[in-house]
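Please take these sequences and the hints and turn them into a complete structure.
Chain by chain, the residues:
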Amino acid sequence: MLNYIWAGMILLGVIYGVCTGQMSALTGGALDSAREAVSLCITMAGVMALWMGLMEIAQESGMIAKMTKGIRPFLKFMFPRLPEDHPAGEYITTNLIANVLGLGWACTPAGLKAMEQLAELEKQRAEQRRIEQQRMQPVNRQLRPVAGQGTEKGRQGSEDRRYGAEATAASNEMCTFLILNISSLQLIPVNMIAYRSQYGIANPAVIIAPALVATLFSTIIAIIYCKWKDR
Amino acid sequence: MNTLTHMSDIMIPMVIFWIVGYGMVSGVKVYETFLKGAKEGLRIVVEILPTLVGLMMAVGILRTSGFFDLLGHLIGPATQAVGLPAQLIPLLIVKMFSSSAATGLVLDIFKTCGPDSYAGMLTSILMSCTETIFYTMSVYFLAAKVTKTRYTLPGALLATLAGTVASIFLAGKM
Chain A
1 MLNYIWAGMI LLGVIYGVCT GQMSALTGGA LDSAREAVSL CITMAGVMAL WMGLMEIAQE
61 SGMIAKMTKG IRPFLKFMFP RLPEDHPAGE YITTNLIANV LGLGWACTPA GLKAMEQLAE
121 LEKQRAEQRR IEQQRMQPVN RQLRPVAGQG TEKGRQGSED RRYGAEATAA SNEMCTFLIL
181 NISSLQLIPV NMIAYRSQYG IANPAVIIAP ALVATLFSTI IAIIYCKWKD R
Chain B
1 MNTLTHMSDI MIPMVIFWIV GYGMVSGVKV YETFLKGAKE GLRIVVEILP TLVGLMMAVG
61 ILRTSGFFDL LGHLIGPATQ AVGLPAQLIP LLIVKMFSSS AATGLVLDIF KTCGPDSYAG
121 MLTSILMSCT ETIFYTMSVY FLAAKVTKTR YTLPGALLAT LAGTVASIFL AGKM
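The listed protein sequences correspond, in order, to chains A and B.
Residues 1 to 231, numbered by the numbering used here, are exactly what the first sequence covers, in order.
Residues 1 to 174, numbered by the numbering used here, are exactly what the second sequence covers, in order.
Just so you know, these hints were derived from the structure itself, not from any lab.
One or more of the hints may lead you astray.
With a straight-line cut-off of 20 Å between C-alpha atoms, the simulated PhoX-like cross-links for lysine-lysine are [what the hints assert, rightly or not]:
#1 A:K113 with B:K148
#2 A:K113 with A:K69
#3 B:K148 with A:K229
#4 B:K148 with A:K123
#5 B:K111 with A:K123
#6 A:K113 with B:K145
And the structure:
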């Protein structure tokens, strides 16, 4: 995906630049941007090292584990049909906590694990449904003795296809988890503060509170939507 | 908005105090642990440097070619009315696909308008409130081998829209 975006931006830029006669400016634009990326990284290195250092302390002291325990009721509210001690629950909490603390890069591994576990859970559910259905079958046949052999077979065939499709469709838990993840509640937007401080302003952190309000709002909307769809 | 600004000011010192204090109380070797984490942080920055060079170069080319001006000219007047400056249109689109590509655009806005301008503020708040939709969906669903995403996309778009509206409202108050 990124390959296309990147190539598209460059090719489009050069073509449009040639058309509007900005050829010499393009060279400057490209070189300046590269230099700027390096100086940005130098500023960011400080913020990043500081934040990751603090997070390491938080992890070591058991603070993050405590927070994980704290949001358990929330997990129960958002994923009511997730079995209590299912491993997916732990990965989901880790992912959400990492998100809240602004550890974007740290939340992906846990998130992927959570998705795998949810897929596993869905497979088990499909299996269970199939067993239940098989148990129901003789009863069905008794109830409907008039139904011809052919139609019975046809109906079963279409149901099988339905189950086949279900195996690759997202479960409600997956949808909820991803929407929550994308709405991404974040306590402190560390990256944004780092980028802002690069451009030499008095107070790069003024955005914390409004950002918190905005992210809270988008997450609340996401929760309402998920609960409505999952009812 | 004074309280919001004030809250922003005390947030980071509070968090630092809380984390270090809690660490001390629970008997963690705070300084050594901090160094371990800081090293990891530096490694991450070094890792993203090439990405940043590549993407900022692409954005730089696109900007100097005048393409963004064209885009702003075309859609700008319509979005300006609801408080969305024309410079933010490419950002809103790119943000849905890749957060690192969006970062390139963010820095460009900071450079041309300044981080404390209305556009800069709006960008800062906007980028802090939602994640990259299509990237997240493709990676996560790939892990679960899911092809039918059902109501994930509408939900994600709705959340992003909510975040955008809230950001415009808040940036206007700053």
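A quick look at each hint next to the structure:
Proximity of K113 (chain A) to K148 (chain B) is assessed by CA-CA distance (about 19 Å); at most 20 Å being required, the pair is judged to hold. Between K113 (chain A) and K69 (chain A), the direct Cα distance comes to roughly 19 Å. Compliance with the 20 Å bound is thereby established for this hinted pair. Between the alpha carbons of K148 (chain B) and K229 (chain A) the distance comes to roughly 16 Å, so the proposed pair stays at or under 20 Å and holds. In summary, the hint linking K148 (chain B) to K123 (chain A) is supported, as the alpha carbons are separated by about 15 Å, within the 20 Å threshold.
A C-alpha spacing of about 50 Å is found between K111 (chain B) and K123 (chain A), which places the hinted pair above 20 Å, so the restraint is violated. With a C-alpha separation of about 12 Å, the suggested pair K113 (chain A) and K145 (chain B) falls inside the 20 Å cut-off, and the hint holds.
The structure does not agree with numbered hint 5 stated previously, though it agrees with all others.
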